[in-house]
Structures are given as C-alpha cells and as structure tokens.
Amino acid sequence: MSVEINTTTATNQSAFVAVLASFWFEFKQNKGALYGLIFIAILAFVAIFADFIAPYSPIEQYRDVLKMPPVWVDGGSWQYVFGTDALGRDQLSRMIYGSRYSFYIGFIVIFFCLTVGVTLGLIAAFSKGLVDNIIMRLMDIILAFPSLLLALALVAIFGPSLENAMIAIAIVFIPHFVRLTRAQALSELGKDYVSSSKTMGASTFRLMFINVLPNCMAPIIVQATMSFSSAILDAAALGFLGMGAQPPTPEWGTMLADSRQYIQSDPWLMAIPGLAILFTVLSINLIGDGLRDALDPKMKKSKA
Amino acid sequence: MLSFLLRRLLVLIPTYIGITLTAFIFIHIIPGDPILVMAGERGLPEEKYQELMQAFGFDQPLWKQYVDYVVQLVQGDFGKSFVTGRPVLDEFFELFPATVELSFFALFFAIIIGIPCGIIAAVKRGSVFDHSLMTISLTGFSMPIFWWALLLIIFFSGYLGWTPVSGRISVLYFFDTPTGFMLIDSWLSDEEGAFSSALSHLILPAIALGTIPMATFARQSRSAMLETLGEDYIKTARAKGLSSFRVVVVHGFRNALIPIVTVIGLSVGTLLGGAILTESIFSWPGIGKWMVDSIFRRDYAVVQGGLILIATMVIIVNLSVDILYGIIDPRIRKKGH
Amino acid sequence: MNDITNSCAKELPILTVKDLTISLPARADRPYAVENVSFELFPGEILCIVGESGSGKSMSSNAVMGLLPKPHVNVSHGEILFEGLDLAAIDNKTMQSIRGEKIGMIFQEPMTALNPVMKVSKQLEEVFRSHHLKLSRTQIQQKIIEMLDDVGLPDPKIIGNSYPFELSGGQRQRVMIAMALALEPTILIADEPTTALDVTTQAQILKLIADLQKKRNMGVIFITHDFGVVAEIADRVIVMQLGQIVEQGNADDLLNRPTHPYTRKLIATVPHLGAVKKVAISSDVVVSVKGLNKTYGSAKKSWFGKAGRVVHASKDINFDIRKGETLGLVGESGSGKSTVGRCIIRLHESDSGAVEFQGQDILKLSNSEMMDIRQHIQMIFQDPYASLNPRRKIGDIITEGPTIHGVPKAQSWKKAEELLEIVGLDSYALKRYPHEFSGGQRQRIGIARALAMSPKLLIADEAVSALDVSVQAQVLELLDDIKHKMDLAMLFVTHDLRVAAQVCDNIVVMKLGEVVEYGPTYDVFHNPQHEYTKSLLDAVPGKEWKVPKLDIS
Numbered sequence: 001m002s003v004e005i006n007t008t009t010a011t012n013q014s015a016f017v018a019v020l021a022s023f024w025f026e027f028k029q030n031k032g033a034l035y036g037l038i039f040i041a042i043l044a045f046v047a048i049f050a051d052f053i054a055p056y057s058p059i060e061q062y063r064d065v066l067k068m069p070p071v072w073v074d075g076g077s078w079q080y081v082f083g084t085d086a087l088g089r090d091q092l093s094r095m096i097y098g099s100r101y102s103f104y105i106g107f108i109v110i111f112f113c114l115t116v117g118v119t120l121g122l123i124a125a126f127s128k129g130l131v132d133n134i135i136m137r138l139m140d141i142i143l144a145f146p147s148l149l150l151a152l153a154l155v156a157i158f159g160p161s162l163e164n165a166m167i168a169i170a171i172v173f174i175p176h177f178v179r180l181t182r183a184q185a186l187s188e189l190g191k192d193y194v195s196s197s198k199t200m201g202a203s204t205f206r207l208m209f210i211n212v213l214p215n216c217m218a219p220i221i222v223q224a225t226m227s228f229s230s231a232i233l234d235a236a237a238l239g240f241l242g243m244g245a246q247p248p249t250p251e252w253g254t255m256l257a258d259s260r261q262y263i264q265s266d267p268w269l270m271a272i273p274g275l276a277i278l279f280t281v282l283s284i285n286l287i288g289d290g291l292r293d294a295l296d297p298k299m300k301k302s303k304a
Numbered sequence: 001m002l003s004f005l006l007r008r009l010l011v012l013i014p015t016y017i018g019i020t021l022t023a024f025i026f027i028h029i030i031p032g033d034p035i036l037v038m039a040g041e042r043g044l045p046e047e048k049y050q051e052l053m054q055a056f057g058f059d060q061p062l063w064k065q066y067v068d069y070v071v072q073l074v075q076g077d078f079g080k081s082f083v084t085g086r087p088v089l090d091e092f093f094e095l096f097p098a099t100v101e102l103s104f105f106a107l108f109f110a111i112i113i114g115i116p117c118g119i120i121a122a123v124k125r126g127s128v129f130d131h132s133l134m135t136i137s138l139t140g141f142s143m144p145i146f147w148w149a150l151l152l153i154i155f156f157s158g159y160l161g162w163t164p165v166s167g168r169i170s171v172l173y174f175f176d177t178p179t180g181f182m183l184i185d186s187w188l189s190d191e192e193g194a195f196s197s198a199l200s201h202l203i204l205p206a207i208a209l210g211t212i213p214m215a216t217f218a219r220q221s222r223s224a225m226l227e228t229l230g231e232d233y234i235k236t237a238r239a240k241g242l243s244s245f246r247v248v249v250v251h252g253f254r255n256a257l258i259p260i261v262t263v264i265g266l267s268v269g270t271l272l273g274g275a276i277l278t279e280s281i282f283s284w285p286g287i288g289k290w291m292v293d294s295i296f297r298r299d300y301a302v303v304q305g306g307l308i309l310i311a312t313m314v315i316i317v318n319l320s321v322d323i324l325y326g327i328i329d330p331r332i333r334k335k336g337h
Numbered sequence: 001m002n003d004i005t006n007s008c009a010k011e012l013p014i015l016t017v018k019d020l021t022i023s024l025p026a027r028a029d030r031p032y033a034v035e036n037v038s039f040e041l042f043p044g045e046i047l048c049i050v051g052e053s054g055s056g057k058s059m060s061s062n063a064v065m066g067l068l069p070k071p072h073v074n075v076s077h078g079e080i081l082f083e084g085l086d087l088a089a090i091d092n093k094t095m096q097s098i099r100g101e102k103i104g105m106i107f108q109e110p111m112t113a114l115n116p117v118m119k120v121s122k123q124l125e126e127v128f129r130s131h132h133l134k135l136s137r138t139q140i141q142q143k144i145i146e147m148l149d150d151v152g153l154p155d156p157k158i159i160g161n162s163y164p165f166e167l168s169g170g171q172r173q174r175v176m177i178a179m180a181l182a183l184e185p186t187i188l189i190a191d192e193p194t195t196a197l198d199v200t201t202q203a204q205i206l207k208l209i210a211d212l213q214k215k216r217n218m219g220v221i222f223i224t225h226d227f228g229v230v231a232e233i234a235d236r237v238i239v240m241q242l243g244q245i246v247e248q249g250n251a252d253d254l255l256n257r258p259t260h261p262y263t264r265k266l267i268a269t270v271p272h273l274g275a276v277k278k279v280a281i282s283s284d285v286v287v288s289v290k291g292l293n294k295t296y297g298s299a300k301k302s303w304f305g306k307a308g309r310v311v312h313a314s315k316d317i318n319f320d321i322r323k324g325e326t327l328g329l330v331g332e333s334g335s336g337k338s339t340v341g342r343c344i345i346r347l348h349e350s351d352s353g354a355v356e357f358q359g360q361d362i363l364k365l366s367n368s369e370m371m372d373i374r375q376h377i378q379m380i381f382q383d384p385y386a387s388l389n390p391r392r393k394i395g396d397i398i399t400e401g402p403t404i405h406g407v408p409k410a411q412s413w414k415k416a417e418e419l420l421e422i423v424g425l426d427s428y429a430l431k432r433y434p435h436e437f438s439g440g441q442r443q444r445i446g447i448a449r450a451l452a453m454s455p456k457l458l459i460a461d462e463a464v465s466a467l468d469v470s471v472q473a474q475v476l477e478l479l480d481d482i483k484h485k486m487d488l489a490m491l492f493v494t495h496d497l498r499v500a501a502q503v504c505d506n507i508v509v510m511k512l513g514e515v516v517e518y519g520p521t522y523d524v525f526h527n528p529q530h531e532y533t534k535s536l537l538d539a540v541p542g543k544e545w546k547v548p549k550l551d552i553s
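Residue numbers (our numbering), protein chains in the order written: chain A, 1 to 304; chain B, 1 to 337; chain C, 1 to 553.
In isolation and in its complexed conformation, chain A is listed as follows:
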C-alpha cells in the first residue's frame, strides 16, 4: 500500500513539496522538536541582529557598575537587565553576542565533519580492501583517545584560540561520521537499486554521489544535528578550561570560566551563561530527536 498523493498536476515542484510536506507533518508530531526549533529560530534571529538588539557593546567596561545583579534580584536595575560582570561589562549584551559564537562553532565543526567525514566514509565503503582498512584504522586511532582529552591536547599544540578549538573538535568528531557513512553506504550498496545502476554501467562516482549518498543522508543529518550541539558543549568546555575562546570574547563557556571565582558571592554570573548553553544544546538535541523520528525509514515503512 503506497501513500497516494492525489494531485492532478504533478509538476517537478509539487513532488518535492509533497516530500517536504510529509516530512514536516512527521516532524511537528513531536512537540519537543517544535519547541526546540522555535527556540533556535529566536536565537538565530538574536545572533544575526545582535548589532541592533544588544543595548551595549559586549566588551566595553562600565567601571562604576561592577557585578551588578540582574533586574529581578535586589539591587538590580533595568539599565543592565542581566546585570554586569566583574569588569562592569553588560551581561545581556555579552549573552546576545555570545549566541553568534554558538552558531559559528556549530556550523564550522559540522562543515568539516560533513565534508571530510562523509567523503572518507564513502571512499572506505566503495574501496574495500586496503584503502578501507587504512581509513578505518586511522579512525580507530582517533577513537582510542577520549575525545575531550584529545581535543585539549590538540589545542595545546595548535595554541589556545576559538578557531583551533573548533578544528580540534572537528578532528575528534570526524571518526563518527566516517563510521556512520561507511556503514550506511555498505547497507545501501547491497540493495538492488544499486545493482540496477551497475547493470546500466554507472561509474563509481555516479554510484557514490547520485545513487548511494542521498539515501545515506537521513542518519547523517541526525548525527550532524547531534554533533552541532556536542560541538557547542565541547567548545564551551574548552573555553571553561581556558583553551577555547580567549577573553574578552563573549563566548558562553569562557564567560562561565570567568565567573567561576564568584560562584558563592554572585551565582547569577554563572547561572545565565550556563542556562543559555543548556537551553541551546537541549533545543538542538530536541530537533535532532524530531529529525530522527521523521526521517527513520523503519517508522516510514510501518505506515506506508
């Protein structure tokens, strides 16, 4: 039984729209994923228009208002809604500008993982034998080290900076993409639509990118979403250890590290960036869960 879509005019576009619509239908079944998407959309808006939204510069120091609490706490003021930090910088503005770094980190890391990881995974799956072995052993080596420790060691070599932290994180994430892509591609390679292309005389390149890769994308997209959030977490952790973004960059992990010495006296300083990281990561993971449900071929099959 197939899902018949009753449209009389079947244009190129409507078929695509139909696929998209059915995906969207599945996705919004999951309320959590929808909330996550809304939160991330708002955050993206804030990040893009930070220059217009932020009331102050994120690095300017207002020396007369050090460690002012947020507005809802005694001693707070509407002038600095989230209060100010130990150097008198406006916490709200720092948070707003900080959201940019989260997206920056996420996108750059995912970009590296997808380009390098997916390509290596495809090559491994198609080549078999020696090349496959070399690629997979290399990945085993990376995976033999705990990821955050390896990232930390790599940053120590490259020198502490946000950019180097991102590269280090990408390196420790890549093996997961290689393994996933390879496993997916191998299972697709066993299917008869690939055999059919082979009987037509399709080239390896064609088999790889036109036939196999699009069918591997669903789990890769889910993995990429989950890695987006892990990248934010790991970058914040490196920032917290002083090996990520360097002051005065308003990166949330670095802000947490700065506030650490005031955890007893001014807990708000660490509460706000921490909550921001938590909500961002949680929202992305919720989206990832929603994507998994919507893209899971097993669930599709039971309905089709």
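Since the hints were derived computationally from the structure, they do not count as laboratory data.
There's no promise every hint is true.
In the DSS-like style, the derived pairs of lysine-lysine whose C-alpha atoms are separated by at most 27 Å in a straight line are [what the hints assert, rightly or not]:
id: 1; chain 1: C; residue 1: Lys277; chain 2: C; residue 2: Lys534
id: 2; chain 1: A; residue 1: Lys128; chain 2: A; residue 2: Lys198
id: 3; chain 1: A; residue 1: Lys128; chain 2: B; residue 2: Lys334
id: 4; chain 1: B; residue 1: Lys334; chain 2: C; residue 2: Lys157
id: 5; chain 1: C; residue 1: Lys143; chain 2: C; residue 2: Lys214
id: 6; chain 1: B; residue 1: Lys124; chain 2: A; residue 2: Lys31
id: 7; chain 1: C; residue 1: Lys143; chain 2: C; residue 2: Lys207
id: 8; chain 1: C; residue 1: Lys290; chain 2: A; residue 2: Lys198
id: 9; chain 1: C; residue 1: Lys543; chain 2: C; residue 2: Lys215
id: 10; chain 1: C; residue 1: Lys483; chain 2: C; residue 2: Lys278
id: 11; chain 1: A; residue 1: Lys198; chain 2: C; residue 2: Lys157
id: 12; chain 1: A; residue 1: Lys198; chain 2: C; residue 2: Lys393
id: 13; chain 1: C; residue 1: Lys265; chain 2: C; residue 2: Lys534
id: 14; chain 1: A; residue 1: Lys198; chain 2: C; residue 2: Lys409
id: 15; chain 1: B; residue 1: Lys124; chain 2: C; residue 2: Lys70
id: 16; chain 1: C; residue 1: Lys546; chain 2: C; residue 2: Lys278
id: 17; chain 1: A; residue 1: Lys28; chain 2: C; residue 2: Lys70
id: 18; chain 1: C; residue 1: Lys122; chain 2: B; residue 2: Lys334
id: 19; chain 1: C; residue 1: Lys93; chain 2: C; residue 2: Lys143
id: 20; chain 1: C; residue 1: Lys456; chain 2: A; residue 2: Lys198
id: 21; chain 1: A; residue 1: Lys198; chain 2: C; residue 2: Lys315
id: 22; chain 1: A; residue 1: Lys198; chain 2: C; residue 2: Lys323
If you want the ones that stay clear, here's a sample from chain B, every Cβ over 10 Å from chain A, calculated [said to hold, decoys possible]:
id: 23; residue: Ile29
id: 24; residue: Trp147
id: 25; residue: Asp176
Cβ atoms here follow ideal geometry from the backbone N, Cα and C, with glycine treated the same way.
With chain A held as given, fit chains B and C onto it using these hints.
Just chains B and C now, with coordinates in the frame of chain A:
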C-alpha cells in the same frame, strides 16, 4: 570464539602502532623547542642544553628517536616527567585508583537508575512516565557538565553544607593507602569518621560524572528495548502465555543487551581515560586532572606517556566489550565472526 | 452461509467470532483493519482464511490471541467467544492463561520468531513453567523430548540443546509447532506458517500440521494467501478483502464453484500447474552459458591454519537461450539460481566458464568493453521496494541507463514516456517518487527501466515473487507481452513451479549449484527424469486441485 579474539588482536597491532606514532609526533610538532619549553623562562646555559638534548635523544634522527621510543615502551618505560622527574608509569598507577573509584561509582549510579528507567519507558511507550523520562534524560544529555558540577557545589556544599567542595578526603586524616582506593583504605584505617569523610567527598563528583552516562543509558535502553519489543520472538513469547515481566526481561532485555553494553563500554573507556572536567572542578587527584595539569604545565613527557596509557586502557575496555558480546550472543560466540 | 452451519450442527463451535471490528489509528489509509467479521471454528476442522496483503486476515487472528499492537489498534466492536469467555473483553491475566494452554499460535518467519539467544529446550521449558503445571524437572525434560519427537525432529536431545540459528528454517518451524502444541491446546492458529519456506519443506510442514490436527482433533485456523495451500489442507475457507469477509464455505465448493466476483478473480489468477506443450523454438541463440563456475569462500588456509569452507554457488552450468525464448531457472533457496543470473550480467564475477553473447565471451571483457554489452542485457529484480532508488524520480530512474550511454536527455525522457505507456502507467509517473506507487506498479517501473536500454536479453530474478497473486498475474502477462513484441530472450529465475509452468518454454532445474534437469517445460512437468525434480513437483501444494476455468468478465 578464540579465532575471533585473535583476529581482533591482530587488527589492534596497526592501531597500536598508530597510537604510539601519534603520541610520538605530538611532542615534535609542539611549537618551540621542548628543552627550552621545559626550562621555562629562566633559560639554560649552552652545555646544560646539549647535555639535555643528548639525555632525551633529541639530537638523533627522527626515525631513530621513534624506534628508541618504541623499544623503551616495550620495556615498560614511558618516560619521565619534565616537572617532577618521576617515571610517568609510577605517577599513572598512583593516580589511577582515584579515577577508578570515581568512575565506578558514577557508572554504578548511572546503570542502576538509567537502564531500568529506559526499560520502563519503552514498555510504557507514550505514557507520562515515558515523556517525562525522555525530557529529563535529554536535558541530562545536554548538560554542560562543568556548569552542572558547579551548580551541585553551590547547592549541596554552599547552600546545604552537606558535602565538601573538593579532594578525596578531609585533610584531618592521615593513614596508609595500600590499595589506593580511598573508601577501602579509610575503612581499613580504623580512623573514626574517615570512611564517611571519603564517602561524602565522593558523592558529588560521582553524581556530576554519572549524569551524562545515565541519560545516555536511559535513552539507549529505551530505544534498544523498543526495537526488540517489536521483534517476532516477543510475539511468540506472548503467544506462549508468558507473563509480561518474563516477556520483557527474559526475552526483551536479554536481546537488547548488545547496544546497551556497547554504550556502557564506551562510557567506561571515556571515564577511565579521565573525567577531565569533573576531576578538575572537584580537584579529584585522578588521571584526568593529571593530564590537564600536565598540559598546562607543558609537561609533554607526561602528556605523551599518559595518552598512550589511556589509549591502551580504552582498547582493553573495547576488547572486553567484544568478549562480552560473545557471552551475550551465542551467534557471535559460535560463528566467531 | 446457512447450510454450512446446518451441516456442522452436530457439533458446537469451539470459537465464535461475532461482528468483530478492529479500528486502526487515525492516520491509517482506512478506519478499520477488520469490519463486522463473523465466523465459527468447529473442533477437528482446518479453517483457512485467505486474502491478499492488507485484507485483515492476520489482524483477525491476532485479535483472537489478544496480540493486537495496542493501544494503536483495538477491537472496537464485537465479541470473540471461547469456552464461555469473550476474549475481546477479558483481562490480561486470564488471556495469559489461555494463550499457549488453550490456543497455540505459530508465525510466518521461523527465522525471527524464536528468541535468538535462548536454547530451544529452554524456550520449550518456559511454556510448561509459565502455566503453573505441577510437573517436575525430569517430567518437563521428558515432555520436551516427546514434543520434539512428535514434530518429526531427529535427535531431539541435540536439537533441544541448540540455539535457533543453528537450525534450518524447516526445523525452526517444527520447533515453533512443538512449542505451540506443547500444552495440547484446543485451537491452533497458524499465520502463514509455510510462506517463508521452500516448497519441499512446505509440503512436510503442511503434512505435519494436518497429521497433528487429526491426531488431537484440534480446530486449526490457517491463514494464507496461497490457494494451492488452501486446496491442500482446508476443510472450510473464508475469503477476506479489505477487512471484510466476502465469501465463506467448505473447501470443495469455494475452490471449484466460487460465487463472489473477488474470489472468482483470485482463483482465476492462480497459475495452472500443468504446462502446455509448446513448439520448440529454433531461432538464433542469444546467449550461451558454458561451464560456468562460481564459488564462495576460499580453499586457502587462513592465518590460523583452518581451511576455508568452499561453497559451490554454481558448478559447471550450461544452457542456451534463444530469441523469443523464456528459459526458467528453478530451484529452492541455496540452489544458486540467482547467482547464475547475476554472473551472466556480471554483478558477480565468476570463477571460470564462458558466457557467449553476440559472438564474444563477455566474462573476459574489461569494464570498458563491457559497457557496450550492458545495454543489451538487463535485469528485473525481486524486491520492488529495494530495487528503485527512493530518492530519485521515476523519470530519472528510467532514463539513468540511456543517460550513462550518452542518449540526449530530451530523447530519453520521450522514450521513458512511451515505455511507461507500454507497462501500463500514466506518463505523470515520471515526475514522482517510488514511494508513491504500489508494489505492482513499482515492478512495472522496474520493467520499463530495463526496457529503456532496448535489451536483447532480460533476466527476471524472482520478478513476481514479492507480489500478490492478482498483481502477479498482471505482471506475468505484461512480461509475456513484451517478450513477444520485442522478440526478447528471457531468463526467468523463480522458485515457484506454478509460475514457471505457465511462462517458460524450457526449464533448468538446479539443486545445490548444479543442474539436475534441463528440457522443454512440458517434458519436465509431465515426465520428470531426475528424482529431485520429481520431489519438487510432488511438493507443490494443492497439486491435486485442478484450477477451474472461470469466466471473470
């Protein structure tokens, strides 16, 4: 089974060579001269410098250095710390019990809560329990662990004053530590209150460290259970008239164990390799803190040796997991590949 | 319907299903899986429920067992009366005590229906233990051995001590039967229990079920889609379509004198087993397979000193296919029939032998030399779901081959339109994705894709095995039509002897990688030479039943 293990071991050889090579290269691509880095800002007289160059073998060609290095490793020599001058292996074994103790409790706590919760959620799929558990576990999974640890400290140590902030035991106690495991040693020491002090020091870091594994185990158990509960043999088991408990535990859980054991194995490897954030925040003198401190102190000999030792441990854990697969699943055990 | 009840009036039914309606979740393609279904089961009879996929036949039996996938699928109306209880309304505990003890059930897939990590004897033991019978350990062990012996398993001790994966499909199904019948239930529900089995194994299992049924005077509900199986074992038959019973009656009446148009249509599409004598084809040979060998595994000693196991997937295979000829390649699973097809088209590399096509041995061609040949040999695959790329539009799928071979886009799309018309689909299908089509439609698309290359040889690898009977008939007709129109040579790989009898001119029978018989279809079916061919033919279910000629206009 035996040939399966042998094959696994064979695959490990190139991986292991790669690991030593990685650690070896590590020290050579650090910007700056390692001897000068070691000497710090004071600088060194020329002859002292030459002497050290020879002592560390840095004047040899690179390949020779690597061969020498591997020969040393095979003999159990993992180098000496630039800072303390003590053998890396000695330092490692001194700190390792602390990490084991912490990891054990974190995992214990994660397993006994995470797995049953995941199973119940799968059985009662779509229920309020399922939804709340999934929300809570996803939150735990998304938690910036360093922040969570600080929150725990603020609440339990700061606000309630129940637990100490850092270390393994109160400084008031002095006793021999024959096993290195503080709980056991304090128990043996006959010092009044030592055991409870050790326990109260352990509890917060264990909770902080166990949070993410717990969330992971709950999610993985749930999805693995959902998968097996949809299998035909579950229907067979129900058709036989078995009780729901038996169907879920004997037929469902037993078959869901492989993916669950896989994530537990991954967590064990990672935790034993040092919970760098948790150990740093709670000043827990384990492998993770040791590695972070060495990185910051630029004690590259320790970083190099430590990386190899940690990777070795991760590999041993993975191998044990493979053996466990064979025990769990007769298909793997009997076919051998 | 009244006279059936009358004829059985001597005995009271052991199971009565009244107005059973099972609701589906809101997003399903219809509101009810089963609607107002009523039937009775009498002791000592085999009641077959027949229907195509989606007819609700399995749902009804699952409802009897209380095994519906709740909470999404529920009994919304009606009752299931058994021993004075309404099974649709009783609590879980009571249902548990009925399952296994009063009603036993076996399933389609013997490969997945047994717990893979538990020994067979343990799984049997559970049945006794869970029903709180006062039996000692040795009594239970004794019973297990007896049961395994009863279902015809040799060495019950060894079988009991094995894990399911160490047994063959037939053995597993026997274990399933032993388990379902362990507590001597009054009703056995068999849900397509032989569909996944080879024909000879199927015959044995059908006989076993019929024998045990007589011996114990059980009522059996047997669910199947195969009218051959119905003819073999049914006493009474229910035909279901889209969740409703369209016809029920005793087997003889229903099989030979069906009244409902749907039943008539279904029975009319059942292929006759008897082959028609055909004129020998003497046109040019298109492909000639000579001494083809293919082995899996290697005889070389591995690193650990153990010699590898070599499996002959095909051994010294010889046959010719002529223009306009359909050659059937039949055999059970593991006979190597598919491997031969795939070796010819070089999806698998063979070890030795030759495949002569247009005067050259194509096994010796390099990949680039093979490119030209590829246009002329095409394949249709078994699984209509896996053989079309789900992420590409039908138009792209059909034109892929011509595009690779340099045909301009406009031209190949135009041809694709014509091809769709030939296979009976509308040209708007070009812009759609595979998931929008049914299994039969997809198979038509697969055929169009193969034809887009204008092949001279078409290899159909179990091309209709995954389809419902009525769809199967249509696709077979289409293939035959195309073969004649385009004057193709066709290699038809199948396990289904009825289908082979209907479509093939010549037949090659394979067993364990070797050809045991090769000859004209009529001769092979009416005068088989080899013992194995005889046993295959003997095992075809319902071979005694002469499918009636029905007018279904």
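Hints, one by one, checked against the model:
Only pairs whose Cα atoms come within 27 Å are accepted, and Lys277 of chain C paired with Lys534 of chain C is accepted, the gap being roughly 19 Å. Between the alpha carbons of Lys128 of chain A and Lys198 of chain A the distance comes to roughly 17 Å, so the proposed pair stays at or under 27 Å and holds. With a C-alpha separation of about 26 Å, the suggested pairing of Lys128 of chain A with Lys334 of chain B holds against the 27 Å cut-off. For a cut-off of 27 Å, the pair hint linking Lys334 of chain B to Lys157 of chain C stands: about 19 Å separates their Cα positions.
For the hint linking Lys143 of chain C to Lys214 of chain C, the alpha-carbon distance of about 20 Å falls within 27 Å, and the restraint holds. The hinted pair formed by Lys124 of chain B and Lys31 of chain A meets the criterion: a straight-line CA distance of about 19 Å does not exceed 27 Å. Of the pairs offered as hints, the one joining Lys143 of chain C and Lys207 of chain C holds, with about 22 Å between alpha carbons and a cut-off of 27 Å not exceeded. As the CA atoms of Lys290 of chain C and Lys198 of chain A are separated by approximately 24 Å, the hinted pair is consistent with the 27 Å bound.
Distance check on the hinted pair: Lys543 of chain C and Lys215 of chain C sit about 24 Å apart at the alpha-carbon level, within 27 Å; holds. Between the alpha carbons of Lys483 of chain C and Lys278 of chain C the distance comes to roughly 16 Å, so the proposed pair stays at or under 27 Å and holds. A hinted pair counts as satisfied when its Cα atoms are at most 27 Å apart, and Lys198 of chain A with Lys157 of chain C does not qualify at roughly 48 Å. With a C-alpha separation of about 18 Å, the suggested pairing of Lys198 of chain A with Lys393 of chain C holds against the 27 Å cut-off.
A threshold of 27 Å between alpha carbons decides the hint, and for Lys265 of chain C with Lys534 of chain C the separation of about 30 Å lies outside it, so the pair is violated. Annotation: proposed proximity of Lys198 of chain A to Lys409 of chain C holds, straight-line Cα distance about 20 Å (limit 27 Å). A threshold of 27 Å between alpha carbons decides the hint, and for Lys124 of chain B with Lys70 of chain C the separation of about 11 Å falls inside it, so the pair holds. Taken as a hint, the Lys546 of chain C and Lys278 of chain C pair is honoured in the structure, with Cα atoms around 20 Å apart against an allowance of 27 Å.
As the CA atoms of Lys28 of chain A and Lys70 of chain C are separated by approximately 23 Å, the hinted pair is consistent with the 27 Å bound. A distance of roughly 18 Å separates the Cα atoms of Lys122 of chain C and Lys334 of chain B; the hinted pair therefore holds under the 27 Å criterion. For the suggested pair Lys93 of chain C and Lys143 of chain C, the alpha carbons sit about 25 Å apart, so the restraint of at most 27 Å is met. Using a Cα cut-off of 27 Å, the hinted pair Lys456 of chain C and Lys198 of chain A holds, with the two alpha carbons roughly 17 Å apart.
Taking the CA atoms of Lys198 of chain A and Lys315 of chain C, the gap is about 25 Å. The hint holds against a cut of 27 Å. Proposed proximity of Lys198 of chain A and Lys323 of chain C is supported: the alpha carbons are some 24 Å apart, at most 27 Å. The beta carbon of Ile29 of chain B is not kept farther than 10 Å from every beta carbon of chain A, the shortest such distance being approximately 6 Å. With a minimum CB-CB distance of about 4 Å to chain A, Trp147 of chain B fails to clear the 10 Å threshold, and the non-interface call is violated.
Distance check for Asp176 of chain B against chain A: the nearest CB is about 31 Å away, which clears 10 Å, and the non-interface claim stands.
Checked against the numbered hints given earlier, this structure breaks hints 11, 13, 23, 24; the rest are met.
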